[in-house]
Amino acid sequence: MQHSSLLVQETVNNFTELPGIGPKSALRLVLYLLKSDPEYAKKLGSSIIELRDKIKSCKICHNISDDEVCSICNDSRREEHVLCVVENLRDLMAIEDTRQFRGRYHILGGVISPIEGVGPEELHIDSLLERIERNGVQEIIMAISPTIDGDTTIFYISKLLEGKEITISTIARGVSFGGALEYTDEITLGRSIISRIPYNS
Amino acid sequence: MKRLRLTHLEMIQFKNHEKTSTDLQGRLVCITGDNGMGKTNILDAIYVLCMSKSYISFRQADIIQNDKDFTRLVGSFERNGDKDLITLKYPRNGTKIIEKNGKKYTRLRDHIGFLPVVIITPDDVQLLLGGSADRRTLLDNTLCQVDRDYFTNLSQYNYVLKQRNSFLKSDIIDDKVLDIYDSKLIEFGKQIYDKRKQFFSDYAETVSKIYAKISGEKEDIEVTYKSQLNDQDFATLFQGAREKDRILQRTTTGIHKDDMDLLMNKHPVKSVASQGQRKSLLLSLKIAQFEIIKTQLQVSPLILLDDLFDKLDRHRVAHLIQLLTDGDFGQIILTDTNKTRVKETIGAISIDADWLEISNGQISNYEYSNS
Numbered sequence: 001m002q003h004s005s006l007l008v009q010e011t012v013n014n015f016t017e018l019p020g021i022g023p024k025s026a027l028r029l030v031l032y033l034l035k036s037d038p039e040y041a042k043k044l045g046s047s048i049i050e051l052r053d054k055i056k057s058c059k060i061c062h063n064i065s066d067d068e069v070c071s072i073c074n075d076s077r078r079e080e081h082v083l084c085v086v087e088n089l090r091d092l093m094a095i096e097d098t099r100q101f102r103g104r105y106h107i108l109g110g111v112i113s114p115i116e117g118v119g120p121e122e123l124h125i126d127s128l129l130e131r132i133e134r135n136g137v138q139e140i141i142m143a144i145s146p147t148i149d150g151d152t153t154i155f156y157i158s159k160l161l162e163g164k165e166i167t168i169s170t171i172a173r174g175v176s177f178g179g180a181l182e183y184t185d186e187i188t189l190g191r192s193i194i195s196r197i198p199y200n201s
Numbered sequence: 202m203k204r205l206r207l208t209h210l211e212m213i214q215f216k217n218h219e220k221t222s223t224d225l226q227g228r229l230v231c232i233t234g235d236n237g238m239g240k241t242n243i244l245d246a247i248y249v250l251c252m253s254k255s256y257i258s259f260r261q262a263d264i265i266q267n268d269k270d271f272t273r274l275v276g277s278f279e280r281n282g283d284k285d286l287i288t289l290k291y292p293r294n295g296t297k298i299i300e301k302n303g304k305k306y307t308r309l310r311d312h313i314g315f316l317p318v319v320i321i322t323p324d325d326v327q328l329l330l331g332g333s334a335d336r337r338t339l340l341d342n343t344l345c346q347v348d349r350d351y352f353t354n355l356s357q358y359n360y361v362l363k364q365r366n367s368f369l370k371s372d373i374i375d376d377k378v379l380d381i382y383d384s385k386l387i388e389f390g391k392q393i394y395d396k397r398k399q400f401f402s403d404y405a406e407t408v409s410k411i412y413a414k415i416s417g418e419k420e421d422i423e424v425t426y427k428s429q430l431n432d433q434d435f436a437t438l439f440q441g442a443r444e445k446d447r448i449l450q451r452t453t454t455g456i457h458k459d460d461m462d463l464l465m466n467k468h469p470v471k472s473v474a475s476q477g478q479r480k481s482l483l484l485s486l487k488i489a490q491f492e493i494i495k496t497q498l499q500v501s502p503l504i505l506l507d508d509l510f511d512k513l514d515r516h517r518v519a520h521l522i523q524l525l526t527d528g529d530f531g532q533i534i535l536t537d538t539n540k541t542r543v544k545e546t547i548g549a550i551s552i553d554a555d556w557l558e559i560s561n562g563q564i565s566n567y568e569y570s571n572s
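The listed protein sequences derive, respectively, from chains A and B. For the first sequence, my numbering assigns the number 1 to the initial residue and increments by one for each residue that follows. For the second sequence, my numbering assigns the number 202 to the initial residue and increments by one for each residue that follows.
Extracted from the complex, chain A is given alone in its bound form (with noise of 0.2 angstroms):
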């Protein structure tokens, strides 16, 4: 699409480099932002560039943060000992999105994928074992997608672990809840047979 003003043009084109944003979704919000009240734009540029200066990684967890430290790690409240390790920031806000956890977390990064150029050394797995040994944890959950990826991933840090005196568990694997088993595949349904748990009403 030509339009009849460079500036226009521009900031079209820069809008659709975002996800998910077409050059029809663009153009839409480029004439909303030239027809709102001024102060807005100014308001949404600002915001923008000092998110992208400010915002920092939390140097325990690796969760995105304001501070040094983030919210989280910073919380007294949560329990200190237990570790939920997960791939990547959108898997701990769907865990925080749960309300069921009250640990910290620790942010891998990815997963082992040599094919991707992901090995061990590419992931914070030194800064977890460093954490594990300073803070005397107790619990790591693996909250790690159930992939081959992802069990390699979980099976090496396992390996790391190997003699110390901590707990090691995965998130369940099963039937989704509310959902019919004939229409569950048959690697989850069978999975869900072989780690069934005992039933307490």
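A couple of the hints might just be wrong.
Straight-line C-alpha distance at most 20 angstroms; calculated SDA-like pairs for lysine to any residue [claimed, not checked]:
#1 B:K363 <-> A:D151
#2 B:K377 <-> A:L160
#3 A:K59 <-> A:S127
No lab work stands behind these hints, which were simulated from the structure alone.
Model the placement of chain B on the given structure of chain A, informed by the hints.
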């Protein structure tokens, strides 16, 4: 025993077929036409509908007609009164989609084995003369159709193998990571090995029986499973090869090195068999595949015979058709350049045959007159 049959086929922008469709009524379908008219491509289209992959083209995108954006195949299949409509859509910039009666498969692998198929083409001579990969393909091809777990294990094994090989090429090689990959390869590989081994106990016997029938000769045929795992367990094998793997930067042992040994009177077929004996053995390998799939699935697979007379004399072709039609068979679809030759050869067999003539991508149905 159920009998599978293809009753209608439609090809859109599939190789040289811009838009071709045809009905197939009989249980023996003879497709004739000059070279380059697209006979083999019809068989490949049927194969793709059954197996989701081309048998002929190495690059899957090559099944889409040149300069076109997509290909589409539709096949109506019938077995003992049950009808199924299978549609395959394959956009050049996308992934293949297969639909069964309008419902899309979430995983292509769920489709494999639903439409069992055996294909015999002139290139199959590679089974005897080529490398081990060709023979493993025959093995996997058969087992994947009859055993879904095998398919799953094999794709997981191959995935881990790829990861392990990439890891061996990286700068820092941590033994712990290799240990993990090894244990995964062992986990998946062990199941593949067991199933292959079990398969061979049936297969070897079936092949030599069929060979005796086809050739009427007394050579002793032996088909055996050759695997490094026959002599050593997996863990020892990987441990022993680790240094070598590091140097060569790839995984040098495992079930991806398995092979099939073919012996005639205790000597390698490659070096002692005559041309005729080779042909007989080749057919035996394929018919045994047909028999095993049939027994295990209780469905008689489609048989696709490409350019049969190219490699076989009339006598052998007649014998082959006889052998296939003797038992419980569903449908045979064959191609040749010379319709008179086909007619004369299969004339003795009392099965209603469909005659299709293909010319410039158009298929016409004709009644074969006996005059």
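Going down the list of hints, with the structure as the test:
no.: 1; hint: B:K363 <-> A:D151; in the structure: 16 angstroms, holds
no.: 2; hint: B:K377 <-> A:L160; in the structure: 8 angstroms, holds
no.: 3; hint: A:K59 <-> A:S127; in the structure: 9 angstroms, holds
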